[in-house]
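Enquirer: Listed below, chain by chain, are the residues.
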Amino acid sequence: MTVPVRITVNGRPVERDVEPRLLLVHFIRVFAEQTGTKIGCDTSQCGACTVLIDGVSAKSCTTLAVQADGSSVTTIEGLSDGEQLHPLQESFWNKHGLQCGFCTPGMILASHELLRTNASPSEAEIRHGLEGNMCRCTGYQNIVRAVRDAAETMATAK
Amino acid sequence: MSSRIFGSGIRRREDPRLITGSALYTHDITLPGMAYAVMLRSSHAHARITRIDTDRAAAAPGVLAVYTGADIEGALQPVPCAWLLPDSGLKIAPYPCIARDVVHYTGDIVAVVVAEELPQAHDAVELIEADYEPLPAVTDPEQAAGADAPQLHAKDVNGDDIAGNQAFHWTVAGGDVDAAFAEAEADGVVIKERILQQRLIPNAMEPRGAVAQYNRATGELTLWNTTQNPHIVRFLCSVVTGIPEDKLRVIAPEVGGGFGSKIAVYPADFITVFCSKQLGRPVKWIETRSENYQATTHGRDHVQDVELAATKDGRITGLRCTVHAGMGAYLSTAAPGIPTILHGLMLSGCYTIPALKEDVYGVYTNGVPVEAYRGAGRPEATFMLERLIDVLAGELGMDPADVRRRNFIPKFDDGHEVITTLNYDSGDYPGALDKLLDHTGYQALRERQAAGPSNGKYLGLGLSSYVEICGLGPSQVAGAIGFQGGLWESAIVRFHPTGKVHVFIGASPHGQGEETTFAQIVASEIGVDAGDVKIFHGDTDATPMGWGTYGSRTTAVGGAALALAVRKIRDKAKVLAAHLLEASVEDMDYEDGKFFVKGSPDKSKTIQDIALMANVAWDLPEGMEAGLEASTFYDPPNFVFPYGAHLAVVEVDAATGQVDLTGYTALDDCGPQINPVIVEGQVHGGVVQGIGQALWEGAAYDDSGQLVTGSMLDYALPRADLLPPIDVISTVTRSPHHPLGVKGIGEAGTIASTAAVYNAVIDALKPLGVKRIDMPFTPERVWRAIQEAKGS
Ligand code: FES
Ligand code: FES
Chain U
5 MTVPVRITVN GRPVERDVEP RLLLVHFIRV FAEQTGTKIG CDTSQCGACT VLIDGVSAKS
65 CTTLAVQADG SSVTTIEGLS DGEQLHPLQE SFWNKHGLQC GFCTPGMILA SHELLRTNAS
125 PSEAEIRHGL EGNMCRCTGY QNIVRAVRDA AETMATAK
Chain E
32 MSSRIFGSGI RRREDPRLIT GSALYTHDIT LPGMAYAVML RSSHAHARIT RIDTDRAAAA
92 PGVLAVYTGA DIEGALQPVP CAWLLPDSGL KIAPYPCIAR DVVHYTGDIV AVVVAEELPQ
152 AHDAVELIEA DYEPLPAVTD PEQAAGADAP QLHAKDVNGD DIAGNQAFHW TVAGGDVDAA
212 FAEAEADGVV IKERILQQRL IPNAMEPRGA VAQYNRATGE LTLWNTTQNP HIVRFLCSVV
272 TGIPEDKLRV IAPEVGGGFG SKIAVYPADF ITVFCSKQLG RPVKWIETRS ENYQATTHGR
332 DHVQDVELAA TKDGRITGLR CTVHAGMGAY LSTAAPGIPT ILHGLMLSGC YTIPALKEDV
392 YGVYTNGVPV EAYRGAGRPE ATFMLERLID VLAGELGMDP ADVRRRNFIP KFDDGHEVIT
452 TLNYDSGDYP GALDKLLDHT GYQALRERQA AGPSNGKYLG LGLSSYVEIC GLGPSQVAGA
512 IGFQGGLWES AIVRFHPTGK VHVFIGASPH GQGEETTFAQ IVASEIGVDA GDVKIFHGDT
572 DATPMGWGTY GSRTTAVGGA ALALAVRKIR DKAKVLAAHL LEASVEDMDY EDGKFFVKGS
632 PDKSKTIQDI ALMANVAWDL PEGMEAGLEA STFYDPPNFV FPYGAHLAVV EVDAATGQVD
692 LTGYTALDDC GPQINPVIVE GQVHGGVVQG IGQALWEGAA YDDSGQLVTG SMLDYALPRA
752 DLLPPIDVIS TVTRSPHHPL GVKGIGEAGT IASTAAVYNA VIDALKPLGV KRIDMPFTPE
812 RVWRAIQEAK GS
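Residue numbers (the numbering used here), protein chains in the order written: chain U, 5 to 162; chain E, 32 to 823.
None of these hints come from the bench; they were simulated from the model.
No residue lacks a Cβ here, since even glycine has one placed at the ideal position from N, Cα and C.
Warning: the hint list may mix true and false statements.
[Stated by the list, open to error] Facing chain E, from chain U, some residues (calculated, C-beta under 8 Å):
no. : residue
1   : Ala52
2   : Ser76
3   : Thr78
4   : Ser84
5   : Trp97
6   : Gly105
7   : Thr108
8   : Thr142
[What the hints assert, rightly or not] Simulated restraints, written as ranges between beta carbons of each label pair:
no. : chain 1 : residue 1 : chain 2 : residue 2 : range
9   : E       : Arg42     : U       : Gly59     : 25 to 33 Å
10  : E       : Asp691    : U       : Ser124    : 20 to 28 Å
11  : U       : Arg120    : E       : Ser53     : 48 to 56 Å
12  : U       : Gly59     : E       : Asp84     : 47 to 55 Å
13  : U       : Arg120    : E       : Glu811    : 36 to 44 Å
Based on the provided sequences and hints, a complete structural model is requested.
Expert: Take a look at the structure:
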């Protein structure tokens, strides 16, 4: 049995008949061919697969494609405005908030959610807000710096 | 670009592709006609396979093939062990790609399914019927060495008996250790400790995987692989699959961290190659995280019984220990060298120890093969020493810092031979500790501690002084210690007519940022803009041979090869500049990318001028070849020995057993820092991995050999909200024998931090009488230790 699904990924509508069990992350990676979203685990722990569904963050490995039917998904590839990086991307770069980069797409989108709900988080709030995203390389310290830096940039830009 | 680029924390050039999702990791590679493989792994830790029926799986929708051990017979050789530790009675058990008769751990592969689509392969694997006759299992290395233990392997690859599950017995000794202990028993102190270095799961965030594309028409194979060392994979893939090395191309695309777990070569990768070859189609295999836990190499797993002899005023006179090192079910690629060479030779650490002896027993167990894991042997050595020193300090009523000072090797700049015969390059261990104590206000912290607990919370301070061996290493030494390869690195530097530079390098960084640091090396050596230098790595067809990124060797060895290649170019450029300026070479000077006649800097040629003239070759001096290109093979004359001192500060809640790490300061000396921002990042990540071992992490098996911590739900990784900011400071001591003076920094943090945190927790609980707790320090374990101490 398959179910028709239409999801707009980074502005491009993608329509497919999918098995009900298909995870959103596979829809994004295989059908929308956007491989920036990563899969780091199979128990919904690592956050590497974090995307925005209608602007709100979600772990795409814990969401079925059918649940996201009709929605608009933003992945790391859709975050920048053309050549213009999103302030979070700039800050991760400027503050050395990544090493191997595997956690980074999810980390940036989880940070996006954090700043959406709290425009000026404290260090503790950032650490708390990112507890669902694992990074094995950075020890999180420069990720926290990057998020703080992005919050400042975004505040002055407003 | 001025030479000041060396030492500048410029932004990483790797990052634009990583922060936009455009980087391609192995999992992201899709090829026309690609099929998907899924492995069936054993459901038992130790069992005889009595039947495998693949008929239903083979008939399932989309399935292209199902292969078992019988199908690969003759086509895939057993996985080789590539560190043949000499003088150790090494017994290598056969390590088949697919188990046929007996499975030895739950990661053993018993069959593979290849299907058109990944979900079809997953579904079909469920349809394979495998029957087993379970055998008793053992996962604890000390128990496995015991008399009644289940035996894993009867014979080794040469047909010799393997007795007592012993893979090897290796010894290091120096000085008269028995005399030292006799003397200490009579008139000194002897302390004994039992240390459990628990089994750890490396957890690179990118799972392992392979994409194999075999071309039947040409007989050529391209293998995209999550590896730290593509050239070693090419070499061993050729041995296992029989595809000649010249027809084999291994690409390490973007690789998402390794920490040692991507050094080894693995059965699943070779099986993927086999499938591609059989089917004539590209095949992709990517492990799940649970599969990663079940089958990708683990780290540590030592049971250490240690004794230290000292005088009553705290001078160490001897160290004696026995280590049972769990090797898992098979000897992984580099495994025998880790608990021996990289561990035992570092046993005297930063201290003058006149006599020591260590016996290391490598033991087969029904667990995941144990390999290098960040620090690889050195954390287990540092921990041992740093723990013993704190116990000694407690015994003598001395401050742990004073015991360290009393035993440190004094400052040296050009070589110091230690009891294990290593020749350390340079170091100032007392200076590092003093600076750390000053910086952290250690005395004030001690005073605060002396005031007693506040609100039931006990303050603890933990020190860890370390020196590590890295920049592996002289190839002659590699040969002598049984490493089946060289340990040099190579680089090719090519100037194009417009002065832009291509660098082809054998090293294979996977997150450490060497594309940036290598460009900085070129820029600082020859005055081009770092942005004009492109670095190629990780593709065996495009780069010269390299031995891989591990052992903190990429900048130390690969960076040296690169610097020397650029210096060759500088030498040639100088000759050409002299010719063009009609001066003699002896009269030429070089500075910041300009070659000029001494005393008249206006008569000059830039490196870009020279690159153009060398490439067009209109006017070269007699006998000079066209082009501006150089290559080097750099075989280091010695290892490099970074060092440092760390301090952890904890508060332990005696009522709940909760440990709060409230502060952490790392002082590291890795020599001159090419990019201090990258260095700091390496320290952060390394320190947190070591903290993870002390506080949260540990792989556990049940009695039947099933991995209890089988997913990220059960294995506790460090999280952002559990950590304090790490304060990173440094000193700078050049390596006397290195062309850039640099050492290495990738593993330093991990090597130091576990002991620092452990010492801090025990220090906090000293007033309560707690002397030791096994890691990790979960609240329950700490609470129990407090209760037991109260009871006694
Ligand atoms: S892949 Fe790990 S949480 Fe989704
Ligand atoms: S940068 Fe490697 S896991 Fe976060």
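Enquirer: Taking the hints in turn, state whether each one holds.
Expert: Each hint tested on the structure:
A distance limit of 8 Å between C-beta atoms decides the matter here; for Ala52(U) the minimum to chain E is near 6 Å, and the interface restraint holds. Because the beta carbon of Ser76(U) sits about 17 Å from the nearest beta carbon in chain E, more than 8 Å, this interface hint is broken. The interface hint given for Thr78(U) is broken, as the beta carbon of that residue sits about 11 Å from the closest beta carbon of chain E, more than 8 Å. With a least beta-carbon distance of about 6 Å to chain E, the hint placing Ser84(U) at the interface is held under the 8 Å criterion.
Contact between Trp97(U) and chain E, as hinted, is supported at the beta carbon level, the nearest pair being about 5 Å apart and thus within 8 Å. Because the smallest distance between the Cβ of Gly105(U) and any Cβ of chain E comes to about 3 Å, under 8 Å, the interface hint for this residue holds. Here the hint on Thr108(U) is kept, as its CB sits about 6 Å from the closest CB of chain E, short of 8 Å. The closest approach between the C-beta of Thr142(U) and any C-beta of chain E is roughly 5 Å, which is under the 8 Å cut-off, so the hint is satisfied.
Judged by the Cβ atoms, the range 25 to 33 Å given for Arg42(E) and Gly59(U) holds: they are separated by roughly 29 Å. At about 26 Å, the CB distance of Asp691(E) to Ser124(U) agrees with the hint of 20 to 28 Å. Under the hint 48 to 56 Å, the C-beta atoms of Arg120(U) and Ser53(E), about 24 Å apart, miss the expected range. The hinted range of 47 to 55 Å is satisfied by Gly59(U) and Asp84(E), whose Cβ atoms lie roughly 51 Å apart.
A beta carbon spacing of about 38 Å between Arg120(U) and Glu811(E) agrees with the range 36 to 44 Å that was offered as a hint.
Comparing the model with each numbered hint stated earlier shows that hints 2, 3, 11 do not hold.
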